[in-house]
Amino acid sequence: MDDVREAVLEYVIDEYIDEDDDLEVDADTALISSGIVDSFSMVSLKAFLENKYDIRIPDEDATPEAFDTVNSIVRIVEKHSS
Amino acid sequence: MSNIGTYDEKRENFTWDVAKEVLGWEQGELLNIGAICSDRVCARGHADRVALIWEGFGDRKATYTFGDLKVFSNGIAQMLVDQGIAPGDRVCLFMDKIPSLYFAFLGVLKMGGVVQPLFSAFGDESLEVRLASAGTKAILTTRKHVKKVRKILDRLPDLTHVIVLEGNPSKLKDGEIFFDVESAPRVEEFEVYQSGPETPSVLHYTSGTTGQPKGALHAHDSIWGQVLTTSWVLDLREDDIYWCTADPGWVTGTSYGIIGPWSLGVTQCVLDSGFTSARWYQFIADNHVTVWYSAPTAIRSLMRDGDELVAKHDLSSLRHLASVGEPLNAEAVVWSEKVYGLAFHDTFWQTETGSIMIANYPGLPIKPGSMGRPFPGIEAAVLDLKTHEPLTEPNSVGLIAFRPGWPSMFRAYWKEPAKYASRFVGAADGATPDELRTDTSLWYVSGDRSSVDADGYFWFVGRDDDVINTGGHLVGPFEIESALVEHEAVAEAAAVGKPDAVNMEVVKAFVTLKPGFEPSGDLELSIMNFIRKKLSPLAMPQEIEYTDKLPRTRSGKILRRYLRAIEWGEDVGDLSTLEDD
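The listed protein sequences derive, respectively, from chains A and B.
Under the working numbering, the first sequence has 28 at position 28, and the numbering climbs by one with no breaks.
Position in the second sequence (from 1) plus 1000 gives the number in the working numbering.
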């Protein structure tokens, strides 16, 4: 799952963090609760995961808590990849 | 006993002068919203009362008194004057819900400027359209958001001042000004601009079906509508701890997240952090919130997270709940009564109305799912869709309309008098905005449909146009479609609302592709992110459907209502004007 962690982190940094932002983002950085990713934008993050890993994440699993860090997102991918 | 007392009694012999009694207003006082919300509260002996309890993400917390509000808003006002900003100039606020946003809102009004608050999640194109329309002279922002301003600055000749209120000043570009009001010399006294009832105050942009967003201009006289509705609908009292969850980039966040509570000297809380149910409940518990004004989208998210989470927090301080932004479904009202012991009171109003028009009131029975009854002093009706005559038969569906003349009514669409006139049924050709807004023989038409039952309760039915209400925010399809066709792969586009369990509706786009592009999941994601960054996360299509052709009328207009009807499972109606194959 290290590959997934790396890919998700890279996507988050590319899409939600500006180059000259002072933010340091790692796999434990809060994304939703900090406001880096808002609830509407979570939909595109979900679409990224579904496309990249060819999975379907049901709405009941796509909660702000489940998407709050890269590590928690990796767990979601893991759960639905099996 | 609630502030409103008995609804029917208040409706009889109503005058807006009651608002002056509520505020303890004396003849000859200065009608300036910025000063009323700060200097006046101090002058009445409450300088040490807490005005703002602020929390950001993590452990960031701050508390400010009304004395602080006065000094820091003075500081912003003085800085703007020193920079050459003049009364009447439009000054945009473009930042998150940080304390400086609130000081700046009052400061701009104190120096006679027109505040133009914009949602900080707007992308550079959404920002540009609104700044260009208003001819905005100064923008107050933060390090986090100034990058979007830099991208468009060259195309905005009127925008001469970019002022950064928070962040690292060492990373600013030439020409940008840094001003941290809390560390600047304190400005104890400021000569407040001598505004009157009709002096422009706030310019909020709102989306329509066609064209770019329009600027709804308000005046300082709006305060009477905001004061009285805050008192009678939200039931705020001096000892309350109030939480309005709205962002001041939208009208609820200014009318009821600044003006209403602070004019009455009430303490309010602000949470500048991403949404999670647990965080919200903890915020209420920690700050002993008593009155909570929120939105159906948030309430439905809280519902989804279940009853057990509620039980883990002490929410016993709450005494009154209200909701705004979109219709509050009956299930949410029933649920809130079950888990909080208090029902959410739905309210209805718009950017243009400036204050609550239809509401459920403390002490008046709630019919779950109903918007409630017209505010005292407001004559509301539903008009026949074709004749525009008021419908008298209960439960008939028509257009929600109001007789003009309430104090917080918008004074103009910025530089668009024809669009302003188009909102009034029965208006004479050439009538001026002042004539329109004071002619009580006319009807102002809201753009929403409802019915009225035999007891006078209004029941929302839907929009009367193609505007998409997502999470309580109006998004214009034209703006989205215009941005979609700027994507390298998109030839044509249509944007409509599709049903959503939490947000009522979300944006769905139908697109045709240019030669050489094939539908794929990656392309869908690319288009979604393109719109998110260009316009805003709200405008981002949450679904994209590829099609070979869009339905059009014979005259070539995209038939959005056809696409929307299919999404909602409704009758598609008369298709006789549909373009032939």
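Careful, some of the hints might be misleading.
Said to hold, decoys possible - With a Cα cut of at most 27 Å, we get these calculated DSS-like pairs of lysine-lysine:
{"no.": "1", "chain 1": "B", "residue 1": "Lys1151", "chain 2": "B", "residue 2": "Lys1415"}
{"no.": "2", "chain 1": "A", "residue 1": "Lys52", "chain 2": "B", "residue 2": "Lys1514"}
{"no.": "3", "chain 1": "B", "residue 1": "Lys1533", "chain 2": "B", "residue 2": "Lys1151"}
{"no.": "4", "chain 1": "B", "residue 1": "Lys1498", "chain 2": "A", "residue 2": "Lys52"}
For the record, the hints were derived by calculation from the structure and aren't laboratory data.
Evaluated hints:
The hinted pair formed by Lys1151 of chain B and Lys1415 of chain B meets the criterion: a straight-line CA distance of about 25 Å does not exceed 27 Å. Our distance criterion of 27 Å between C-alpha atoms is met by Lys52 of chain A and Lys1514 of chain B, whose separation comes to about 24 Å. This hinted pair checks out: Lys1533 of chain B and Lys1151 of chain B have alpha carbons roughly 12 Å apart, not beyond 27 Å. Of the supplied pair hints, the one linking Lys1498 of chain B and Lys52 of chain A holds, its CA atoms being roughly 25 Å apart against a limit of 27 Å.
In terms of the numbered hints stated before, the structure departs from none.
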